[in-house]
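All chains, please: the whole structure from these sequences, using the hints.
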Amino acid sequence: MAIRANPKLITELEIYGAQDVSKCYHCGNCSAICPFSKEPYIFPRRSMRSLQMGLEAKLESDLEPWLCYYCGECSAECPRDAEPGETMMSLRRWLTARYDFTGIARLFYLSAKAEILAVILVALITGAGFLLYGFSQGSITQYNGPDAFLPASSIHIFDWILAAVLLALLLTNCARMWWFTVGRDTKVHVPLSAYITKIYLLPMHFFTQMRYARCEQKRPWVIHLVLMLSYVTMLVLIMFFLAPMWSGPAIDWRVHVFGLAATAGLLVTTIVFLRKRLKKTEVQYQHSHETDWMFLVLLIVVAATGLMQFTLHRVGLETAANINYVIHMMAVVPMLLLEVPFSKWSHMAYRPLAMYFADLKTEAMVSKEREAVRAPQAA
Amino acid sequence: MTFEPRIVGFLCNWCSYTGADLAGTSRIHYAPNVRIIRVMCSARIDPTFVLKALHDGADGVLICGCHPGDCHYSEGNYKMMRRYPLLKSLLADYGIEDERVRLEWISASEGQRFADIVNDMTERVRALGPSPVKAALEADLAER
Amino acid sequence: MEDLKIGVFVCNCGTNIAKVIDCDAVIDSVERLPYVAVARTYKYMCSDPGQDMIQADIQEYGLDRVVVAACSPRMHEPTFRKALQKAGLNPYFLEMANIREQCSWVHDDPLAATEKAAALTAAAVMRVAHHEALERRSVDMCPNTLVIGGGIAGMSAALDLADAGNRVYLVERSDHLGGNVARADLTAPYLDSARDMLTERVTRVVRHPNIDVLLESQVRKVDGFVGNFQTTIRGKADDGAPSDRVYDIGSVIVCTGYKEFDASRITHYGYGKLPNVVTSFELEKMLRAGRVTTKDGKIPQYVAIIHCVGSRNLEFHAYCSRVCCMTALKYAHEIKSAVPGAYVSDIYIDMHAFGKGMEDFYRRSSEIKTLFLMYEKNDYPVIRKADATDDCDMLIEVNEILSGETIELPADLVVLMVGMEAREDSAEVAHLVNISRDKDGWFIESHPKLDPVATTTDGVYIAGACQAPKDIPDSVAQARAAAARILARTARGRIEIDAVFAEVDEERCSGCRMCNELCPYVAIEFDAETRRSHVISALCKACGACAAACPSGAISARHFTDRQIFAEIEGVLA
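Line by line, the protein sequences give chains A, B and C. Its first residue numbered 15, the first sequence is counted upward by one per residue in my numbering. Its first residue numbered 564, the second sequence is counted upward by one per residue in my numbering. Its first residue numbered 13, the third sequence is counted upward by one per residue in my numbering.
Any given hint could turn out to be false.
Claimed, not checked - Here are the simulated EDC-like pairs of lysine to aspartate or glutamate, each with C-alpha atoms no more than 16 Å apart in a straight line: (1) Lys381/C / Asp95/A; (2) Lys271/C / Glu436/C; (3) Lys248/C / Glu228/C; (4) Lys697/B / Glu582/C; (5) Lys72/A / Glu417/C; (6) Lys72/A / Glu420/C; (7) Lys307/C / Glu327/C; (8) Lys37/A / Glu228/C; (9) Lys22/A / Asp574/C; (10) Lys233/C / Asp260/C; (11) Lys37/A / Glu371/C; (12) Lys615/B / Asp362/C; (13) Lys381/C / Asp306/A; (14) Lys389/C / Asp362/C; (15) Lys451/C / Asp633/B; (16) Lys615/B / Glu420/C; (17) Lys37/A / Glu379/C; (18) Lys22/A / Asp403/C; (19) Lys381/C / Glu26/A.
Think of the hints as simulated: they come from the structure by calculation, not from any bench. Remember, predicted model here, so these are calculated numbers, not experimental data.
Next up, the structure:
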């Protein structure tokens, strides 16, 4: 069966950040140098090819873009400067938009203005909402206690509702991802038992990013890991230890040690990444899409206001602390509600999932071949 | 010891000799049994050359010229074409087997074809065995 | 025979000969032959030290004859003849034994090859003993040149010859100059205008006082020999009737060019059936007119270009037509500039980007977002009409090897890069000037590497695509090379031609006149008074037909006498 080629797709991908894909003349140096490219997932050349020819259905079902950590070696090796690394990045953005059933992701990627507007809108609504709530049931000068402007218990409920909403969206998109990449693949069948036995891969990739450690340059892995673990630590603290964090004036050291460490991690790594992108220090930072900036800007605002929060509270400037908290939430809510399911953040789910799926599919293909060898008449 | 026939080849300078050179530049290998004598045109080949070669011990004679219509001297190969049947009938009268003397048209670009013809002829003459001429001459000499 | 001294020189040719043939064993076997005064080997006999060695030995040993066992005489016979001449020996006292092209390069058994080499060398020794001193003839060199074909090659050659002060007769079959370049719009890789290039040439040619441009004319006959040809050219008289005229010329340059492959012969491209499948030349027409459209006048959204149509194909022509790959890239650029929103795909087997600026041109073509699709030789794309609901006119199915997928590519316009073929009249032209054609119909050069413009017929040169598919730079280079070769001769005013011709021994001639009819050059005259035939040596081309036919044995073919050949036969069978 011939697959219909669509030469127009490449024009669409340019909006997602694809650079100079047409220059690729398929020497294969990129796939050769890639530390992760291994049968049956050879990239980035194959992805470049599918994109050049506009094989949409094939690209949508590909796991390869997620198996890439953008070490940039491929772009450095490319004799034609066809930027395979950035192409893989643009494919990740495109896939994020494809997996999302709402169409919001697509909107954000195609229009930076739309994303900025949405973030501002959500921020303003959040700000207004919190202020209204606070004024309606408390005093802006009170941080803790019965008259607190924003009591920990209420915030806690809000946080859980927010988590539920974004999880619902994110998980739906993940299910769509599974369907595109594994579910509807008629050639490879993964048995249920495999899903269960290999489930450990998900947390393993998520928490250690061990594949990234296989790159030649170790520092990117370290910085990214610190960023990610800081973020996750912060998330866990907020979801489960909000009350101790909120409490005062006595300090619960167990919580605050982690909190400060996580904040420090977030601030340092975010500044490092911002600097790299501004100065274009390495291959993978030559090109920055609006979504890349949005990601880092929101993160740094969240981390900075978070630190400010801690300081203001401990110092005793309760009014300032409350106002700061509102600002903090004006950054947190858009981040969690918009960025996680619909933009760059979603890679934290898609990537570990892709590695898990890739492993499952590889196993399935290998055992299928083994069976074919054992019983050639049946095959 | 397998019998190695000795075959004399008369090749015209413009087409067949050049074709044999082309087999050389193309490094196409063939049997070493043919020894080539260059003439300017196949028309130069006097039937006595063929007889002399057979008399002096050749087991076979290969005559090559340009393809009809392509002779460098426009009609030379036609002259060879006319002589050849007469020569063959004379040789038949002498009891010399048909496959020992052969006429082929080879162009300057037919290096492979030249090699194929040499190989083919070598095998055919090998199958026929040594030329009867030598034995006959020796017997004649012994009688005297 | 007087006491002769023969020198035998066996060349190693580096390892070309020495790797297979034991040259010392050859020396040993020839040393025993009568009259051999010295026998030695050397690494490269044709080199200066090699030739010096031969000359030194001639002096030292007082050699009368020289045998060089080395490459083919077609390669170096002139070289060694010159060496003999420099040492004061008649150049025809040389004989070469071909132990390279016809021995070491074609046999792998060293023993058999050495034995054969020894036999060939012995044959040369026995032959050379019967060589006679021959003097080369000097004849006038007519400075006029006939150039057949008024394309870019013909015009370039004509201009160089005419600028040097020589008369040129430029014969062109059609009614205009410019040939196939006149059908093109721009040229690769710098997208220069073909028209500008040609206009400059045509203007200079037409205005040049030394060039006679004969349009709508054909060459009917070429008689004579180098420096002394007569050619009959049929043109059109004022009333339109054909009129013949004879011209005296010294040289001929054949620049008849090529014709394009007929694309309808490949059925799965649908040429001739699908209206929007066109050839490269048909696209040139559109480009020259400044509009690229489909048959019904619409602007195409998808354009596909297919390479190797009729070339690199066992069914039609196995060779590569050389220019099509870069021309296809040129079209990618031109189409993108004529129709800025078009999606251009280039469907090829290999990208032959061999010349100056070509690899960069290829890179620039991908920078303008041309989609390159690779297919395997003999696994052709198939074009079919799309459905009415599709957004394109046709669909091309390609087994694309860079991805390993079979894809269907949309196309509104398909351009077939048709290959080059020898013209139908090339056989006629070859016969007229007495040159040969190879199996594809291209004219054969004297030596594929070292002598690309001369032919086996002295005085006749070939240039341009008629010799093999090539682009404009190479055609012009060849044309100007041919012109330079001719100028080197005309500058001297007289030329030396070979001393080899037939001679009648009038004592033996019986006056039967058989030879008169046999000679294709009508070079043998019968003297009614003496009742004897004699050869007009200037006209004789030394084929030897008369020598073989003479019943009285009165005609000897110089340098190919019966005695010499008999000696060679003896040597080869010794």
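Checklist entry - What are the numbers of the hints the structure violates, in ascending order? => result 7, 8, 9, 12, 13, 16
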